[in-house]
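Could you build all of it, start to finish, from the sequences and the hints given here?
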Amino acid sequence: MLEVTSLSKSFDGFKAVNNAGLIVKNGETVAVIGPNGAGKTTLFNLITGVIRPDSGKVLFKGEDITGLKPYQVCRRGISRSFQVVNVFPRLSVFENVQVSVLSRQKKTWNLFTPSSRLAIAETDRILENVGLSDVRDNTSTALSHGERKVLEIAIALGGNPEFLILDEPTAGMSPEETSRCIDLIRQLKEKLGITILFCEHDMEIVFSISDRIMVMVRGSTIIEGTCDEVRCCQEVQDAYLGGSDVCLM
Amino acid sequence: MTGSFFRSRSAWAIAGLIVLFLFPVFFDRFYVYLTAIILLTGLCATSLNFVLGYGGVFQFHHAVFYGVGAYGTALMILKSGLSPWLGFIVGPVVAAVLGLIIGLICIRLSKLYFGMLQISLGSLVWAIVYRWYSFTGGDDGIHGVPLPDIISSPNGAYYFTLIVTSASMFVLYRMLKSPFGSALQGIRDNPVRSEMIGVNVRLQQLLALTIAGFFGGVAGALFVVVDNTVFPDMMFWTLSMELVIMCLLGGWLSYLGPMVGAAVIVLLRTYVSGITVYWALVLGIIMMLVIFFLPNGVLGYLDRFLKKKARAR
Chain R
13 MLEVTSLSKS
23 FDGFKAVNNA
33 GLIVKNGETV
43 AVIGPNGAGK
53 TTLFNLITGV
63 IRPDSGKVLF
73 KGEDITGLKP
83 YQVCRRGISR
93 SFQVVNVFPR
103 LSVFENVQVS
113 VLSRQKKTWN
123 LFTPSSRLAI
133 AETDRILENV
143 GLSDVRDNTS
153 TALSHGERKV
163 LEIAIALGGN
173 PEFLILDEPT
183 AGMSPEETSR
193 CIDLIRQLKE
203 KLGITILFCE
213 HDMEIVFSIS
223 DRIMVMVRGS
233 TIIEGTCDEV
243 RCCQEVQDAY
253 LGGSDVCLM
Chain X
16 MTGSFFRSRS
26 AWAIAGLIVL
36 FLFPVFFDRF
46 YVYLTAIILL
56 TGLCATSLNF
66 VLGYGGVFQF
76 HHAVFYGVGA
86 YGTALMILKS
96 GLSPWLGFIV
106 GPVVAAVLGL
116 IIGLICIRLS
126 KLYFGMLQIS
136 LGSLVWAIVY
146 RWYSFTGGDD
156 GIHGVPLPDI
166 ISSPNGAYYF
176 TLIVTSASMF
186 VLYRMLKSPF
196 GSALQGIRDN
206 PVRSEMIGVN
216 VRLQQLLALT
226 IAGFFGGVAG
236 ALFVVVDNTV
246 FPDMMFWTLS
256 MELVIMCLLG
266 GWLSYLGPMV
276 GAAVIVLLRT
286 YVSGITVYWA
296 LVLGIIMMLV
306 IFFLPNGVLG
316 YLDRFLKKKA
326 RAR
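In the order they appear, the protein sequences are chains R and X.
Going by our numbering, the residue at position 82 of the first sequence is 94; the numbering climbs one at a time, nothing skipped.
Going by our numbering, the residue at position 18 of the second sequence is 33; the numbering climbs one at a time, nothing skipped.
Hints in this document: simulated from the structure, not taken from any laboratory.
Each statement offered as a hint is correct.
Below, a list of computed lysine to aspartate or glutamate pairs in the EDC-like style, where the Cα atoms sit at most 20 Å apart: (1) 192/X - 136/R; (2) 81/R - 66/R; (3) 126/X - 204/X; (4) 203/R - 136/R; (5) 37/R - 236/R; (6) 37/R - 15/R; (7) 73/R - 40/R; (8) 69/R - 15/R; (9) 203/R - 174/R; (10) 323/X - 149/R; (11) 201/R - 180/R; (12) 192/X - 134/R; (13) 69/R - 236/R; (14) 119/R - 204/X; (15) 119/R - 134/R; (16) 192/X - 149/R; (17) 203/R - 40/R; (18) 322/X - 149/R.
As the structure is a prediction and not an experimental result, all values here were calculated from the model.
Listed below in structure tokens is the structure:
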């Protein structure tokens, strides 16, 4: 479904992403792991058009989407959530998700129908699914950090994506919030059949929900394979554990 | 519950309109003139706030659209020989087109830089109007614009202003409550995320700038009706700053905030400038107090106060 080949991007000579490659098949859940500064977020920014790559190609469903603008990438069916909470602070929780649904329904040029009559059922269904119905009318600034991270995902779901990119979905969450968030991601995968690409520092989560794993170090892909292949790969252990031969997990 | 809330809001609007409709019955000509000026200035400030408070665009030279709307109307009436009513459509349309053109040039820049470039482009328009004696009358402006009989009397002008302002305020309100308005407010809050949920941020903002230009132009056309004159100072940058202050003073996150701000400033200008020529000094002090004590403006403060009271109950 998504195919990234030899993607590179440098900032002032620093190679943030260097010849990275990645394949995600339909229905899969793929994790990108790597130490801080490995270029995971930059890779996501390149795929979603936030920044343009210096070289390389991104194919989505066989079509070239390299260098498209973020809104064009979104309209192809790719949604994403952000690592740092990135919501609409002055809008209510409901409106945060509604504006995303309205945008997907291509209604943002409608000047005269009140928004209060549009996309209500669908927005409420998304809030119900992610468990934010109770705080529906709060402003997003009144939410806890964990709730805001969930809202982050809910906004992405408003685009009814085929392909969802989650940038550290559980960062900063409490243990209970984390386990609820994992359940949510599982549901998205199993019930809605969404293909998911995510990055995460918690290895337990990574190995429990991903079908395949891609490991990035200093901007490059060092291995792409199943959980077992990655778990005992020497290079991964070098990168993560400074060369000690303790097997991950 | 939302239904009754809406009904009560409509009830307030209707009550306000009735008071304004009866106003000329009880007050003399000067006050009627002053109220008309407040209404049209308030409409101008509201159209600015459409992009400033709701769109997050630093529209620092909105007076240009006000001035161009006024000149467009006056020149159309004077020079075309067509029905004067046509002038009231042409003025705002010209202002809207100018809004689109200036927007197209400035939209590539963000925030403050947008505002700076707009001030320079707007000043350019002002300079042209100020100097082009043969067409615009230069720094003399144009006086005694002939108007249709029905709106040439003070009361006729007042009612025309009241009706057009109310209708425009209603239309702008509906637009802010529409999906277009939702997307606009999303862009204000977070342009990066808006782009990521599939909103074409620049195109959306350009349409908003065109709409704001149009209604700024409507306010300018109304000024021609009420005052019968146009002059280049209508599009001088100091007036633009005053419009921004109106939004901040009244509350740029409240729909009627700019209207309240316009009332305060027009009244100050009228009464304080009678006492001292340094009326801007008084304005400066008030502005400082507002920024320190009412950061969300007068209406923003009232809104919070009422909500607190409702919660206490």
